[in-house]
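Protein chains: 2
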Amino acid sequence: MKLCMIGHRGGHDKFVWDGLARMPHVRVVGISAGTPEDDVAALQTHCEALGFTPEVFVDYRQMLDQLQPDVVSVCGPFELHAEMAAEALRRGIHVICEKPVALTLEQLAMLRTVYTAARTKFQGWYAGGLHFAAFMNLRYDPAFYTAWRAVRDGAIGKVRLINTQKSYKLGHREAYYQDRATYGGTIPWVGVHAFDWIYWFSGETFTSVYATHSAQDNQGNGSMEMSALCHVTLSHEVFASASIDFLRPATAPTHGDDRVRVMGTAGAIEVRGGQVYLINATTEGEVELPVACERQLFQDFVEHIEGQTTALLSADDVFAVTEACLLARQSADEGRVITFGG
Amino acid sequence: MKLCMIGHRGGHDKFVWDGLARMPHVRVVGISAGTPEDDVAALQTHCEALGFTPEVFVDYRQMLDQLQPDVVSVCGPFELHAEMAAEALRRGIHVICEKPVALTLEQLAMLRTVYTAARTKFQGWYAGGLHFAAFMNLRYDPAFYTAWRAVRDGAIGKVRLINTQKSYKLGHREAYYQDRATYGGTIPWVGVHAFDWIYWFSGETFTSVYATHSAQDNQGNGSMEMSALCHVTLSHEVFASASIDFLRPATAPTHGDDRVRVMGTAGAIEVRGGQVYLINATTEGEVELPVACERQLFQDFVEHIEGQTTALLSADDVFAVTEACLLARQSADEGRVITFGG
Chain A
1 MKLCMIGHRG GHDKFVWDGL ARMPHVRVVG ISAGTPEDDV AALQTHCEAL
51 GFTPEVFVDY RQMLDQLQPD VVSVCGPFEL HAEMAAEALR RGIHVICEKP
101 VALTLEQLAM LRTVYTAART KFQGWYAGGL HFAAFMNLRY DPAFYTAWRA
151 VRDGAIGKVR LINTQKSYKL GHREAYYQDR ATYGGTIPWV GVHAFDWIYW
201 FSGETFTSVY ATHSAQDNQG NGSMEMSALC HVTLSHEVFA SASIDFLRPA
251 TAPTHGDDRV RVMGTAGAIE VRGGQVYLIN ATTEGEVELP VACERQLFQD
301 FVEHIEGQTT ALLSADDVFA VTEACLLARQ SADEGRVITF GG
Chain B
1 MKLCMIGHRG GHDKFVWDGL ARMPHVRVVG ISAGTPEDDV AALQTHCEAL
51 GFTPEVFVDY RQMLDQLQPD VVSVCGPFEL HAEMAAEALR RGIHVICEKP
101 VALTLEQLAM LRTVYTAART KFQGWYAGGL HFAAFMNLRY DPAFYTAWRA
151 VRDGAIGKVR LINTQKSYKL GHREAYYQDR ATYGGTIPWV GVHAFDWIYW
201 FSGETFTSVY ATHSAQDNQG NGSMEMSALC HVTLSHEVFA SASIDFLRPA
251 TAPTHGDDRV RVMGTAGAIE VRGGQVYLIN ATTEGEVELP VACERQLFQD
301 FVEHIEGQTT ALLSADDVFA VTEACLLARQ SADEGRVITF GG
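These protein sequence lines are chains A and B, in that order.
Using our numbering, read the first sequence as starting at 1 and increasing by one per residue.
Using our numbering, read the second sequence as starting at 1 and increasing by one per residue.
One chain only, chain A, in its complex shape (with noise of 0.2 Å):
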């Protein structure tokens, strides 16, 4: 299997390396900055030590047209999210993306629009069809998919109430998460990993979404939000909160400080400091449950493409939480509740 990779902004290709030193059928044959400012060192550096001699291209479209892969990673600039998927998915190649997979309404509805027209054109190339994922690692973590798995499981009953929180240090940001036009906001670029909890844990649809952000306090960033509030109404009538901020002291022991919680109409779950929190009618108070995740993120996708497995994301999950992300961005730049699909 062919692999070629566009650009390393974010830093999340360190789960494609990851999958690879367990697929040695997978090789990286192509490489591309993607963008005249950034630079393939990197890369280059991550290939070498697995063995890989990929060719390196200036222009990432020459080179899916002349190395022709099977799977294309999106690590490119967040504005360039959407094009570069779609210059892959349009020629028939699968696309592993960072997130969030667009900045705007306008290029989710593009990118959704090639990859469904897509799927039917090369319907015949592969079993499970032509697959599409973003790099939502927070699915592959061992607390949130053991925490997922026990909701699955019935353990808390029916889902009625989420809250959800993404707290980062802000640390040295470059110049692009300074302008809208480049990073995308707060909302989209941290939150999605929250309304993906939302979505994931839930297991319902999306009904509506009321937000607000703020950019006070941001220490010369430009007019990167440095707090955003969520409010998410759900089918059933489950709600749920993102608390998202780059607020989180240099002083604090990790980066982030990633939660969710979840009560049921049979008991409550929480995911908090990497460790898995339970309480319902078979626990005596509250029982911290061992973690594990033996899935991982681009061995998942691959395996997905090969019809082994269903990976834990589909791209109308990506879809889905992508469009609720930015929904929300626009609910917080306009002061008012926004309804799906109205």
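Any given hint could be a false lead.
Where chains are identical, the list cannot tell them apart; a pair therefore holds if satisfied intra-copy or between any two copies.
What the hints assert, rightly or not - Within a straight-line C-alpha distance of at most 16 Å, the following computed EDC-like cross-link-like pairs (lysine to aspartate or glutamate) qualify: (1) 169 - 286; (2) 158 - 217; (3) 121 - 87; (4) 2 - 286; (5) 121 - 317; (6) 2 - 55; (7) 158 - 237; (8) 14 - 141; (9) 2 - 65; (10) 158 - 204; (11) 2 - 303.
Note that these hints are calculated values from the structure, not bench results.
Assemble the complex: chain A is given as a structure, and chain B must be docked to it using the hints.
Frame of chain A; chain B shown alone:
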């Protein structure tokens, strides 16, 4: 100092008994159930234990006229809080009232008007003026008080984002919880504490609120909401969430799971499980603060009246917070963002 007590619904009269044990100069002179459906047995038992022999009245108004107490505590049926408090205030009697002090915006407007007029009318009677407060007991909880003090002392810089949580066991609920007219709804009844934290910790004013609530899966409890989510915007783009539910499993170690997380420009503080966790530039990682509160709710109320202190809770605080939770309930009922003063 003469105290009369009306009713004991909600159980917060326990803060009066605790306070009385510290203040031998305050005597219970009269008690009334406040309504024919309730009785005074519980009040009588407490009075006997403390050596009081109060007169018992069927009509609380008659009690106020006849005994002319300095102070009255109001714990009658929820829907009568505002009326009972107003009757006392009109007579120049200080009032400490169960929360929420009003179940409707009309009741709240009436109570505010009565209090304002009474403060003017009776300003010569009391050094500190006629006082009105509510049983917002969590301001006196060691953990929440310690966290609030730390925030006020600048431990986290400017407050930017607050997440609050009230999660209760459902247990068995009396019939008056099943009807909006006698219960008021879960957002005011439970959520008032969360709105109080938001107001108290932020030091900001309420700007707008959006909320949702659901009575689904409420185990036959009429219109009682089992889950609610509130999204509050305050001055200076400070955002706050209030997650409220009766979904805490019966096997949980405590009745309630009360939490506050406050993110500031220079630190983060959290109250969880009765402990306070702080991270800022002076801490190595996260530190646990020793928790303590030297103030007692009813004692603070009495000492405020006596001019010995400024109570943690003012009448204006009570009105602002009650209005906020009633507008949040309205938002949830009507499905729209509500602007304060709009």
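A quick look at each hint next to the structure:
no.	hint	result
1	169 - 286	between (30 Å within a copy, 14 Å between copies)
2	158 - 217	between (40 Å within a copy, 9 Å between copies)
3	121 - 87	within (14 Å within a copy, 77 Å between copies)
4	2 - 286	neither (47 Å within a copy, 46 Å between copies)
5	121 - 317	neither (21 Å within a copy, 64 Å between copies)
6	2 - 55	within (12 Å within a copy, 90 Å between copies)
7	158 - 237	within (12 Å within a copy, 35 Å between copies)
8	14 - 141	within (14 Å within a copy, 46 Å between copies)
9	2 - 65	within (13 Å within a copy, 90 Å between copies)
10	158 - 204	within (11 Å within a copy, 37 Å between copies)
11	2 - 303	within (14 Å within a copy, 78 Å between copies)
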